[in-house]
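Engineer: Generate coordinates for the entire structure from the input sequences, incorporating the hints supplied.
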Amino acid sequence: MVAVPSREIERTERLERDEEPRLRSTRGPRYDVAELGFRHYWYPALLSRHLGKKPQAIKMLGENLVFVRAHGQPYALFDRCAHRGMLLSEGSCLSEGTITCPYHGWSYDVTDGALVAALTDGPQSAVVGKGKAVRSYPVEERNGIIYCYMGDGNPPPLEEDVPEEVLSPDYTFEVVVSLWNSNWRAGIENGYDAAHAPYVHRNSLRWRTAMRMQPGWGGFVESMVEGKYLRQASRSDRGYEGDFPGVGHWPRHTRLRKAVARLGERRPRPQVQTNEFRLPCTIRNRYWYYSHVRWAVPVDANTSRTFQALVGPYDGARAKAFKLQYWLWHRWVFHMWFNGQDDSIIGKLDYSAPEQLFRPDSSIVGLRKYIEAHARTSDPVPGVPEPDYSGERYP
Amino acid sequence: MVAVPSREIERTERLERDEEPRLRSTRGPRYDVAELGFRHYWYPALLSRHLGKKPQAIKMLGENLVFVRAHGQPYALFDRCAHRGMLLSEGSCLSEGTITCPYHGWSYDVTDGALVAALTDGPQSAVVGKGKAVRSYPVEERNGIIYCYMGDGNPPPLEEDVPEEVLSPDYTFEVVVSLWNSNWRAGIENGYDAAHAPYVHRNSLRWRTAMRMQPGWGGFVESMVEGKYLRQASRSDRGYEGDFPGVGHWPRHTRLRKAVARLGERRPRPQVQTNEFRLPCTIRNRYWYYSHVRWAVPVDANTSRTFQALVGPYDGARAKAFKLQYWLWHRWVFHMWFNGQDDSIIGKLDYSAPEQLFRPDSSIVGLRKYIEAHARTSDPVPGVPEPDYSGERYP
Amino acid sequence: MVAVPSREIERTERLERDEEPRLRSTRGPRYDVAELGFRHYWYPALLSRHLGKKPQAIKMLGENLVFVRAHGQPYALFDRCAHRGMLLSEGSCLSEGTITCPYHGWSYDVTDGALVAALTDGPQSAVVGKGKAVRSYPVEERNGIIYCYMGDGNPPPLEEDVPEEVLSPDYTFEVVVSLWNSNWRAGIENGYDAAHAPYVHRNSLRWRTAMRMQPGWGGFVESMVEGKYLRQASRSDRGYEGDFPGVGHWPRHTRLRKAVARLGERRPRPQVQTNEFRLPCTIRNRYWYYSHVRWAVPVDANTSRTFQALVGPYDGARAKAFKLQYWLWHRWVFHMWFNGQDDSIIGKLDYSAPEQLFRPDSSIVGLRKYIEAHARTSDPVPGVPEPDYSGERYP
Numbered sequence: 001m002v003a004v005p006s007r008e009i010e011r012t013e014r015l016e017r018d019e020e021p022r023l024r025s026t027r028g029p030r031y032d033v034a035e036l037g038f039r040h041y042w043y044p045a046l047l048s049r050h051l052g053k054k055p056q057a058i059k060m061l062g063e064n065l066v067f068v069r070a071h072g073q074p075y076a077l078f079d080r081c082a083h084r085g086m087l088l089s090e091g092s093c094l095s096e097g098t099i100t101c102p103y104h105g106w107s108y109d110v111t112d113g114a115l116v117a118a119l120t121d122g123p124q125s126a127v128v129g130k131g132k133a134v135r136s137y138p139v140e141e142r143n144g145i146i147y148c149y150m151g152d153g154n155p156p157p158l159e160e161d162v163p164e165e166v167l168s169p170d171y172t173f174e175v176v177v178s179l180w181n182s183n184w185r186a187g188i189e190n191g192y193d194a195a196h197a198p199y200v201h202r203n204s205l206r207w208r209t210a211m212r213m214q215p216g217w218g219g220f221v222e223s224m225v226e227g228k229y230l231r232q233a234s235r236s237d238r239g240y241e242g243d244f245p246g247v248g249h250w251p252r253h254t255r256l257r258k259a260v261a262r263l264g265e266r267r268p269r270p271q272v273q274t275n276e277f278r279l280p281c282t283i284r285n286r287y288w289y290y291s292h293v294r295w296a297v298p299v300d301a302n303t304s305r306t307f308q309a310l311v312g313p314y315d316g317a318r319a320k321a322f323k324l325q326y327w328l329w330h331r332w333v334f335h336m337w338f339n340g341q342d343d344s345i346i347g348k349l350d351y352s353a354p355e356q357l358f359r360p361d362s363s364i365v366g367l368r369k370y371i372e373a374h375a376r377t378s379d380p381v382p383g384v385p386e387p388d389y390s391g392e393r394y395p
Numbered sequence: 001m002v003a004v005p006s007r008e009i010e011r012t013e014r015l016e017r018d019e020e021p022r023l024r025s026t027r028g029p030r031y032d033v034a035e036l037g038f039r040h041y042w043y044p045a046l047l048s049r050h051l052g053k054k055p056q057a058i059k060m061l062g063e064n065l066v067f068v069r070a071h072g073q074p075y076a077l078f079d080r081c082a083h084r085g086m087l088l089s090e091g092s093c094l095s096e097g098t099i100t101c102p103y104h105g106w107s108y109d110v111t112d113g114a115l116v117a118a119l120t121d122g123p124q125s126a127v128v129g130k131g132k133a134v135r136s137y138p139v140e141e142r143n144g145i146i147y148c149y150m151g152d153g154n155p156p157p158l159e160e161d162v163p164e165e166v167l168s169p170d171y172t173f174e175v176v177v178s179l180w181n182s183n184w185r186a187g188i189e190n191g192y193d194a195a196h197a198p199y200v201h202r203n204s205l206r207w208r209t210a211m212r213m214q215p216g217w218g219g220f221v222e223s224m225v226e227g228k229y230l231r232q233a234s235r236s237d238r239g240y241e242g243d244f245p246g247v248g249h250w251p252r253h254t255r256l257r258k259a260v261a262r263l264g265e266r267r268p269r270p271q272v273q274t275n276e277f278r279l280p281c282t283i284r285n286r287y288w289y290y291s292h293v294r295w296a297v298p299v300d301a302n303t304s305r306t307f308q309a310l311v312g313p314y315d316g317a318r319a320k321a322f323k324l325q326y327w328l329w330h331r332w333v334f335h336m337w338f339n340g341q342d343d344s345i346i347g348k349l350d351y352s353a354p355e356q357l358f359r360p361d362s363s364i365v366g367l368r369k370y371i372e373a374h375a376r377t378s379d380p381v382p383g384v385p386e387p388d389y390s391g392e393r394y395p
Numbered sequence: 001m002v003a004v005p006s007r008e009i010e011r012t013e014r015l016e017r018d019e020e021p022r023l024r025s026t027r028g029p030r031y032d033v034a035e036l037g038f039r040h041y042w043y044p045a046l047l048s049r050h051l052g053k054k055p056q057a058i059k060m061l062g063e064n065l066v067f068v069r070a071h072g073q074p075y076a077l078f079d080r081c082a083h084r085g086m087l088l089s090e091g092s093c094l095s096e097g098t099i100t101c102p103y104h105g106w107s108y109d110v111t112d113g114a115l116v117a118a119l120t121d122g123p124q125s126a127v128v129g130k131g132k133a134v135r136s137y138p139v140e141e142r143n144g145i146i147y148c149y150m151g152d153g154n155p156p157p158l159e160e161d162v163p164e165e166v167l168s169p170d171y172t173f174e175v176v177v178s179l180w181n182s183n184w185r186a187g188i189e190n191g192y193d194a195a196h197a198p199y200v201h202r203n204s205l206r207w208r209t210a211m212r213m214q215p216g217w218g219g220f221v222e223s224m225v226e227g228k229y230l231r232q233a234s235r236s237d238r239g240y241e242g243d244f245p246g247v248g249h250w251p252r253h254t255r256l257r258k259a260v261a262r263l264g265e266r267r268p269r270p271q272v273q274t275n276e277f278r279l280p281c282t283i284r285n286r287y288w289y290y291s292h293v294r295w296a297v298p299v300d301a302n303t304s305r306t307f308q309a310l311v312g313p314y315d316g317a318r319a320k321a322f323k324l325q326y327w328l329w330h331r332w333v334f335h336m337w338f339n340g341q342d343d344s345i346i347g348k349l350d351y352s353a354p355e356q357l358f359r360p361d362s363s364i365v366g367l368r369k370y371i372e373a374h375a376r377t378s379d380p381v382p383g384v385p386e387p388d389y390s391g392e393r394y395p
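Chains as they are written, first to last, in the working numbering: chain D, 1 to 395; chain Y, 1 to 395; chain G, 1 to 395.
Since the hints were derived computationally from the structure, they do not count as laboratory data. Treat the numbers as computed from the prediction; the structure is a model and nothing was measured. Warning: the hint list may mix true and false statements.
A pair holds if it fits inside one copy or across any two, identical chains being indistinguishable in the list.
The list that follows gives simulated cross-link-like pairs (lysine-lysine, DSS-like), each with its CA atoms no further than 27 Å apart [claimed, not checked]:
| no. | residue 1 | residue 2 |
| --- | --- | --- |
| 1 | K348 | K59 |
| 2 | K369 | K348 |
| 3 | K59 | K132 |
| 4 | K130 | K369 |
| 5 | K348 | K132 |
| 6 | K132 | K54 |
| 7 | K258 | K320 |
| 8 | K130 | K348 |
| 9 | K348 | K323 |
Structural biologist: Here is the structure:
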């Protein structure tokens, strides 16, 4: 991965030529209509600890699903009885491995959605074995997260779509799930956005932002494809403080903050941080000793289910220490406060408004171009690896 | 009325031949669009005890009506002042027999909706006697229920559309009115549905279901026309307990329940029960010593006003005993609990979902075919009796 | 201004000829579509005391605006950041005279909406000075009210659109602002309506209605143009009590009320009262010693922001006495109770219902015709006075 000199963002140049800059968007046609997400991917659906003996209704990509656990395994069906349209998630599991509709007792095999019994028509019911089954969805459970393949045909291996560290037994992590009141695209664009952090998070107490002076700005961002990820590769013209016409000096650091930052900077800690995107809706940040993985799973046009995982390469006593640190600090300061600032702000965004992008939006433009070019349009063919685009540059 | 041997339901047979069974419906075209009910029928509107001196707003079949009482009689008008569109139900009855709009004092004769005065234009107002009246609706009050004819032209006698026992002075009954959160068709189909009871009501304490073993299933249901009613005539292949593939033994009666049922069955009570439908939206069940009449009156697309009446052929002391029994037991166990289970379950039904019917749905199919063939399309002609279709078989 | 003999309202005459009187409306085509008000006028937006250092979001004529105060002056911008569509009203004023978007720190000059800084792109950001500014709105502040010009091009002087007394330093007044749950047209038509008062306000304790016998009716109302105002010029056939067919005697004054009225009438106070309308949405009533100005500012199709001002030609001690009287009496009895009756009643009006007008609606018909003929369709030309239509008669 080679750092590339900054260049003016194409969009900003166009602003000088055109009459109607507000009418343009850098969203490609496929991404523009993907209000409910891209199909043919594995998505996290719910946490293992949230699926017990009772069916759980989960809405994803605009579809209503019902999750059940049988013989220790999770399964997912379309949440509508084929008989009369009743919600299966209101039903119950009379025997392990089946789910029974609460209206007339139609009972489905949770593994494939086949109708195995219609209780109110007797054991010899002729409808069993005829007619269409309820749609079933491929499901896998790994390390406390239940994933569901939202697509047609045979799914690829889970590893194709999920960051390696959350699948590996060598890592430990903690997850929080919450509903965000915004379209999933606003959620991932915000995560990949190079520019909002110094402003939105300016008063966060998060350790790594409070203990060091953070840049107030940084201009053009170029991203490069690195395997499955689009990674921010370079960021030009960073600055820490400045005088702005009309606004004055900014950021306006308090003495306390400067003192804390000086203290933090005396500890020689490698300032490594990456910001990566992975299809379908995953943001990964890697830090010195842990990484943060966040999914913005589409629910409906105005809601996404956000999974935030803090992941570290630990086991044994170090894993326990990591978890303790998570519950004492990161959960509240990072997942709830810091990322709650994002939830709060993008809930006030009019995502369909005309846009006028600026230099740091090269990160957004790159992300949108990458998604437009790489999102799956049909079923992946199991066994045939996707081509390696590593080294492609965005925007 | 002759019992007829069971036969495979036509719909189930078709399931084997067709590619897309989920796209078909057994609703005929007239019934399919009757989201707001069928016009040209008498419907119960409200209870006598709910109509005092103040105007009452009642929405039926998608129309806003206002009911008022004058000289002891109930009347109904369209709930919109002809002047500027104000709700008349927000007005008041300045003199008995009129209703006055709260905005400018336009006053209507409640018997025919004619404008009799426009208070704010003086006693000589020229608008009186000109222009269109507010629409008035034929209304009748019998035995504590106020009925309204929701149609054009002259209405037929009330007896044409209302079960005889609730109109007769020789019967006593108690009624409860409640709003159900579902389309009226889901309400009456559920009432006529032969199959849901063993599953939905499996844990009801209702006397006649708890004190006897109830069949877990029963197959094909044929209905016959019996005067004004479509009556379930036969039900084949009943069964009480069985082993179902995938699900196991069902129903799973507790020992207590079996003991109670054995106790109940030692009392030789005739096991007479009928399940009948009558247009426009009436379900009648007749038992040994009383009957149950239920209307699902359309309010809007997602709401029906349910009238449940328990009716017995009693007077004097026996009527009092019947009412006491109702208030001590049936109201809570039957009307609230048992039928509340229906309200709760059909509120979760997607009535417009594609369907896949099974053998016991022959009751639903028969009901739909009967309604499609017999629902009034124009005004009944008073004095000309409707033809007698008795003996027709459904499905 | 000459009083003109009453004549039958054209609309009422038509009622006798036509088959379908309910299908007609006296709303002209421009007024009929003006659901969100007429553009190219000055409207009151908010009170001075409600605009401090924090940005205030105000919706008017269907548009979202943000008001800010800088160096003592109020300013208004379109409430959407040109960058990504964020609500500017959620931002803050880092320096006086600018407003900064809460997402990426785009900062606008509040005087013209020009982008002066993009904090997260550094002081040299190339986007500053390029691209479109956020729309700014002409704003003026007078005597405690902040007005906004909702139109294109150069606005006329504020005096063109606002009653002279609320702009004059020689008057004192008190204002209350409230949201009414009805379209603005229902609000101004109600204010100009000659007929509703004796019925809707029949039990108001407002001084001037309680202390004198009010007419129960008055027939045809003719209005004349008087400078900027349409003024009710004559009202024929007033009456105080009468016997109405079907309804009986009305109004039914209590003895107490009659006694109070007799008492009030012994004080020889000139019974001067005018009812005037002024574009865009202003009702003015002038009384013996004060006047009442009310705006129904369109917010959305079903809401208007009502400004009610009680205005008197006082200063010094008399102004204080006037304010004291306002806070002890008028605010509660007139602005809250009396006009609250209007808010409550027109919130139940179906403004799009078919209408059937009567003689006193000549006031409404006149108002509608005047508005249709006189509402601005394009920018007024500053310096070129609008023609004087004084003396035109409506309807």
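Engineer: If a hint holds in the structure, say so; if it doesn't, say that too.
Structural biologist: Comparing the hints with the structure gives:
For the homomeric pair K348 and K59, the shortest alpha-carbon distances inside one copy (23 Å) and between copies (16 Å) are both at most 27 Å. Taking identical chains as interchangeable, the C-alpha atoms of K369 and K348 lie at most 27 Å apart only when both belong to the same chain, with a minimum of 25 Å there against 42 Å between chains. Within a single copy, K59 and K132 get their C-alpha atoms as close as 22 Å, which meets the 27 Å cut-off; across copies the closest is 40 Å, which misses it. Taking the shortest Cα distances, K130 and K369 sit within 27 Å of each other only across copies (24 Å), while inside one copy they are farther apart (46 Å).
Taking identical chains as interchangeable, the C-alpha atoms of K348 and K132 lie at most 27 Å apart only when they sit on different chains, with a minimum of 21 Å there against 43 Å within one chain. When the C-alpha separation of K132 and K54 is checked against a cutoff of 27 Å, the pair qualifies only within one copy, where the shortest distance is 25 Å, while the shortest distance between copies is 55 Å. For the identical chains of this complex, K258 and K320 are neighbours neither inside a copy (33 Å) nor across copies (53 Å), given an alpha-carbon limit of 27 Å. For the identical chains of this complex, K130 and K348 are inter-copy neighbours only, at 25 Å across copies versus 49 Å inside a copy, given an alpha-carbon limit of 27 Å.
Within a single copy, K348 and K323 get their C-alpha atoms no closer than 33 Å, and across copies no closer than 41 Å, so neither meets the 27 Å cut-off.
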